[in-house]
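**Q** Residues per chain are reported as follows:
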Amino acid sequence: MSKAIVATASLAGCFGCHMSILDIDEKILQLIELVEFNKSPIDDIKEFTKKCDVGLIEGGCCNSENIENLINFRKNCKILISVGECAIMGGLPALRNSIPVKECLEEAYLGGPTTGVCNSEKIIPNDEELPMILDKVYPCHEIVKIDYFLPGCPPRAELIWEALVALLTGKELKLPYEVVKFD
Amino acid sequence: MSNNKIKFKIDGKECIADEGLDLWKAAMLNGVFIPYLCHMKDVIPSGSCRICTVKVNGRPMAACTTPLTKEMNDAVVENETPQLEEMRKMIVELLFVEGNHFCPSCEKSGNCELQAMAYRYQMMVPQFSYNFPLRKVDATSPKIYLDRNRCIQCKKCIRSIKDEQGRSYFAFYKRGHKLEIHIDHELAANMTDKLALAAMEGCPVGAILKKEKGFEIPIGKRKFDKEPIGTEFLQEIK
Chain A
58 MSKAIVATAS LAGCFGCHMS ILDIDEKILQ LIELVEFNKS PIDDIKEFTK
108 KCDVGLIEGG CCNSENIENL INFRKNCKIL ISVGECAIMG GLPALRNSIP
158 VKECLEEAYL GGPTTGVCNS EKIIPNDEEL PMILDKVYPC HEIVKIDYFL
208 PGCPPRAELI WEALVALLTG KELKLPYEVV KFD
Chain B
70 MSNNKIKFKI DGKECIADEG LDLWKAAMLN GVFIPYLCHM KDVIPSGSCR
120 ICTVKVNGRP MAACTTPLTK EMNDAVVENE TPQLEEMRKM IVELLFVEGN
170 HFCPSCEKSG NCELQAMAYR YQMMVPQFSY NFPLRKVDAT SPKIYLDRNR
220 CIQCKKCIRS IKDEQGRSYF AFYKRGHKLE IHIDHELAAN MTDKLALAAM
270 EGCPVGAILK KEKGFEIPIG KRKFDKEPIG TEFLQEIK
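As given, the protein sequences belong to chains A and B, one line each in that order.
The first sequence lines up with residues 58 to 240 when you count with the numbering used here.
The second sequence lines up with residues 70 to 307 when you count with the numbering used here.
Among the hints, a few may not be true.
Claimed, not checked - Computed Cβ-Cβ distance ranges for the label pairs, DEER-style: (1) D232/B / V201/A: 52 to 58 Å; (2) I180/A / Q234/B: 54 to 60 Å; (3) E185/A / M156/B: 48 to 54 Å; (4) L79/A / D87/B: 55 to 61 Å; (5) V201/A / R204/B: 24 to 30 Å; (6) N200/B / D184/A: 30 to 36 Å; (7) V222/A / G271/B: 37 to 43 Å.
Just so you know, the hints here were simulated from the structure itself, not pulled from any lab data.
Only a predicted model underlies this, so the values are computations on that prediction, with no experimental measurement involved.
For every residue, glycine included, the Cβ atom is placed at its ideal position computed from N, Cα and C.
So here's chain B without its partners, still in its complex pose:
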């Protein structure tokens, strides 16, 4: 990576970052929070959820997969504009109707990033009609459940949960809206508790849950009960 610096503005704020960095990280280093669901520190971004969409010189781009290039010097980036926030809210609503998200019965409720994103945008009801798709649960692994009803197909698990040799415990089957996450049962047979926990915590929804323990944290003390999503992030970068 070159050491060339790129100067740009996000919502009027002067920012500067190394050429080649992705826009999401560059924003973070400059103290700007761009909402996201599928992105993860130290993992190659996939740009699948599109929540982090910003406008670069008027053009919508997923911030996590947009590298800073020379051409972006003096670029005008829009982030928290009413239009983009409305669009992000709409994506959240689409994700809610596309799967089966029964928050009251979900173990991840309160710690769920999709739900927290809906709180952020004060989603009272999705404006689209519910799909109620038929999806299968895979509970055959010793350490984890995979509930595809809640999956938002972000592939975060595939990208981040790997063994020492770099082999993924998860893989996808089919593409687009038919995409299904599957577990590599041979690998998962020897999954450690630590990795199972990482898989559960990494999942932005409640699609991957660790077996044998649930509903540990009482209502009121969960991650997003009191603080909106992004609060932690903003404290970290201060």
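The shape of chain A in the complex, shown without the other chains:
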């Protein structure tokens, strides 16, 4: 059987979910028997070199680059999975959702206690190379179709592992109560 091809991305996330993937410990040896990684921070492949079977998305969408990246993943992956609270509901970055973007930027770059020294010219970063900040942080499934969801902050390594194995081998997924948690 040829190996399934997996791609991963961290959008507006903290890489905690990627760390949780590594928390499968010695099962990582089984994982490399089962899958081959393509575009992913794990192997540092920057662009898709082939179509993938599974895309694991960490983090929600807070800027235009996240959206572009997510749409690219949807195009190149047969199955997309939202991994973690940020991908599912915006998570901690979405705490800004009830505050207008202008206010957030002003607080971060103009009014904040550390901005006096570091940003004496009082500039809100506006280089055209920088991605545009969105009005809100969006859950991934509000941007593209997402096939499966693995909650947690981060999702337990066991949950990611069991879900991936079930998906790739067709084995029934049985989740013990302790494994599905939102924190």
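Starting from the known structure of chain A, fit chain B onto it as the hints suggest.
**A** For chain B alone, kept in the frame of chain A given last:
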């Protein structure tokens, strides 16, 4: 209350209880757990969360506000049917998208009844889109915070947290989805630690938190880390 007994069946199980009792309590006395969020022992039920909805002779009713009447003799009550469980899951999902429930940053996480209810129904993601409403936090009381982002408007705090004279420390303003909980600051100025703790523990979500202490219990030892909601209840009635 009369001593007339009412006989009925819940999911096929023969039950018997006093006329006038609410169906939720009657079920409990007969060893049947009906899931709930807004109900509380010894407090007048308000039927606001609708999680305890059961079908009585085919008709959906909130169990906590349905009294046993003579007409309910031989009634057929449905509780854990796939249809009702699906509906309850949907209510939980609605509650999650209607407020701002950021579990990873919430002090109540692990002890939160709404979250535990989502675990019970294995909610991976709510099927509705998130509202991200703008809600205010009131941190001006000496003993408690009131974070309306997490409030599910069940009014449990209004009904249960009172002083010796029966005056509520909490009140509501506006109605329906605009309903807001407010603190009576005059009363709350002299709130005892005991009552502040009761307010925090009574709140089914993390909307009322006690100040100065937080994240006391480590992950793994919190109320719903290992045991699903209802476990404690079922042990109690055994």
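**Q** Next step is simple, just say for each hint if it's right about the structure.
**A** A quick look at each hint next to the structure:
1. The hinted range of 52 to 58 Å is satisfied by D232/B and V201/A, whose Cβ atoms lie roughly 53 Å apart.
2. With their beta carbons about 59 Å apart, I180/A and Q234/B fall inside the hinted range of 54 to 60 Å.
3. For the pair E185/A and M156/B, the beta carbons lie near 50 Å from each other, so the given range of 48 to 54 Å is met.
4. Taking the beta carbon of each, L79/A and D87/B are about 59 Å apart, inside 55 to 61 Å as hinted.
5. In this structure the hint that V201/A and R204/B lie 24 to 30 Å apart at CB holds, the actual value being about 29 Å.
6. Distance hint check for N200/B and D184/A: the Cβ-Cβ separation is about 34 Å, which falls inside the suggested range of 30 to 36 Å.
7. At about 42 Å, the beta-carbon gap between V222/A and G271/B stays in the expected band of 37 to 43 Å.
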